[in-house]
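> Sequence:
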Amino acid sequence: MDQAAAIAAIARLAMVNRNAKGDTTMKRALLLSGLIATSAFAYERLQGPTELLYCDKTNAFNGYTLFGVGNRSFLLDLDGRVVHTWPVGTNPHLLDNGNIVDASKDDPSGFQGFKEVDWDGKTVWEYTEKRENYAPHHDWVRIFNKQLNAPTTLYIANKSISYDQAVAAGADPKKASTEGGQMDAVVEVDLQGNVVWEWCFFDHVVQDLDASKPNHVGAGKTVADHPGRININMPGRPLRRDWLHCNSMDYNAESGHIVINSVQGELYLVDHDGTFVAGDPKASIAKAASPAGDFLYRFGDPARYAQGDPPRVLENWDSATSGHKQMGGSHDAHWIRPGLPGAGHLMVFNNGQYLFQRTPGSSILEINPFLDASGRDTGKYVNPPEAGYRRETYDKDTHNQPREISKQIVWSYRSVNSHGFFSHIGSSGQRLSNGNTFICSDTEGHFFEVTDKGELAWEYLNPVTRDGPVKTLGDVLPMVNSAFRAYRYATNHLAFNGRDLTPKGTITERAAQGVDVYPKRRPPGDRPQAKAVVVEAVAVAKAAKVVTEIQTIVLPATTDVSDDNDKHT
Numbered sequence: 002m003d004q005a006a007a008i009a010a011i012a013r014l015a016m017v018n019r020n021a022k023g024d025t026t027m028k029r030a031l032l033l034s035g036l037i038a039t040s041a042f043a044y045e046r047l048q049g050p051t052e053l054l055y056c057d058k059t060n061a062f063n064g065y066t067l068f069g070v071g072n073r074s075f076l077l078d079l080d081g082r083v084v085h086t087w088p089v090g091t092n093p094h095l096l097d098n099g100n101i102v103d104a105s106k107d108d109p110s111g112f113q114g115f116k117e118v119d120w121d122g123k124t125v126w127e128y129t130e131k132r133e134n135y136a137p138h139h140d141w142v143r144i145f146n147k148q149l150n151a152p153t154t155l156y157i158a159n160k161s162i163s164y165d166q167a168v169a170a171g172a173d174p175k176k177a178s179t180e181g182g183q184m185d186a187v188v189e190v191d192l193q194g195n196v197v198w199e200w201c202f203f204d205h206v207v208q209d210l211d212a213s214k215p216n217h218v219g220a221g222k223t224v225a226d227h228p229g230r231i232n233i234n235m236p237g238r239p240l241r242r243d244w245l246h247c248n249s250m251d252y253n254a255e256s257g258h259i260v261i262n263s264v265q266g267e268l269y270l271v272d273h274d275g276t277f278v279a280g281d282p283k284a285s286i287a288k289a290a291s292p293a294g295d296f297l298y299r300f301g302d303p304a305r306y307a308q309g310d311p312p313r314v315l316e317n318w319d320s321a322t323s324g325h326k327q328m329g330g331s332h333d334a335h336w337i338r339p340g341l342p343g344a345g346h347l348m349v350f351n352n353g354q355y356l357f358q359r360t361p362g363s364s365i366l367e368i369n370p371f372l373d374a375s376g377r378d379t380g381k382y383v384n385p386p387e388a389g390y391r392r393e394t395y396d397k398d399t400h401n402q403p404r405e406i407s408k409q410i411v412w413s414y415r416s417v418n419s420h421g422f423f424s425h426i427g428s429s430g431q432r433l434s435n436g437n438t439f440i441c442s443d444t445e446g447h448f449f450e451v452t453d454k455g456e457l458a459w460e461y462l463n464p465v466t467r468d469g470p471v472k473t474l475g476d477v478l479p480m481v482n483s484a485f486r487a488y489r490y491a492t493n494h495l496a497f498n499g500r501d502l503t504p505k506g507t508i509t510e511r512a513a514q515g516v517d518v519y520p521k522r523r524p525p526g527d528r529p530q531a532k533a534v535v536v537e538a539v540a541v542a543k544a545a546k547v548v549t550e551i552q553t554i555v556l557p558a559t560t561d562v563s564d565d566n567d568k569h570t
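When we follow our numbering, the leftmost residue of the sequence shown carries the number 2, and every step to the right adds one.
Keeping only pairs whose Cα atoms sit at most 25 Å apart, straight-line, the calculated PhoX-like set for lysine-lysine is: (1) K381 / K288; (2) K288 / K131; (3) K505 / K58.
Derived Cβ-Cβ restraints for the label pairs, each shown as a range: (4) E133 / W318: 41 to 47 Å; (5) G219 / T129: 38 to 44 Å; (6) R241 / G194: 29 to 35 Å.
For the record, the hints were derived by calculation from the structure and aren't laboratory data. Small disclaimer: the values here were computed from a predicted structure and weren't measured. The beta carbon of each residue, even a glycine, is placed where N, CA and C say it ideally should be.
Could you put the whole structure together from the sequences, leaning on the hints where they help?
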């Protein structure tokens, strides 16, 4: 058995949840078996190979995988071989013409602007945010603005808010930082670099502290009466720098809406097209700041607007509850594209932070924001607390408490053992046309594809570390081989028309041949890491002697996944 087949036995398999009518829980186990190379290849291990780990070409989506790391973007075929590279690589966005739009700096958490390079790596467009009070970060999207009949770029930026501005808007003067804070904005610029539209959280705050100040909830009302606005005095989270830490955004060309996601575990939908005034940026910005720019929908943490229970430690303090919080540390909120299974639904990578679970794990969530409490698709946004929840329980060996799961979550993926799939930062998920879902787990540079039933179809480990590519990765710190996101594109994607996509070796092979040169990029002051040992993984795989059996549990749709046996869900 070859290396890929041997490593298949340790694939991070999945458990899938689906909603449906009825009170029964249907379960079936899908068993996969294979060889584990050595004890080091066991589920928990301190050393193992990088690059392609598993490929089932029968079930995998035939296409090319794009990811960026260390100022270089790679396009790989299903066999993990490089077919093309670009000289940028932070959070690369592929355009239909084969160009890449990326940050101007190799750090998704902060940069001054953007750069677009063509297929050959030539810079064809640049933009720099020159306003002092704006700091671009994390995400952007190139759209076609129908009202301008031209492409524009939307991006997230932290906008500075002074202490006086915050207090005047109703922030608690005793808790707000005297140094001021930042609230995220979504800025739109045309290809000439002109700001043509802007939306900011600060224009959509609410407060129940001072009736004499703007944004007050109103007589006899509470924050719960204003789900379309954000509480500037969120309990335990007074205004500060990078207050919401939004990290992803997307634009829906059909509805004209934007989704923006906060790492705290909430995503928000706002109206772009309905607040855009062509040819009049000032009017656009003013309209976006008006009630017309309030949230159309929000999901993830209803306690933030007093319509749900927050996470809390229980009375004996060795257990806790997630309350009604659905996700935490979340990333990559976006709409599933037209023509794909689940089209029009939202998808988000739930990192699994801040949920007070003893053994946290990450997951991919598919959300239908139009579902009501009866499970009916209303065709309009429904406030999640009104849609209700179902109780989800976990196997006793996870030591996790039951959770209340939103009925608007219509599909989810997570590994059976949380240790197989957990990223505390970054990451992405993508629905493919064959119904599979492609996942990037940032912390470990782990890319994999699963079917709608949670069966593994493809798996790859990013070999590019802070010290360059390695064939074998040892006991290292988190993020050593991280990749912020990764995407799979079909072989007939417009960007590839007429391109030379001949395989040109794996990343490690190219590095060994001197084709690609990697400067050391360990951040100053970073803690020393355990050495990533470079050995031939094939030699290790030949020692495979242990046969093991692993399983995926698949739960077809159910309204209540708890049962008397407390099975893992």
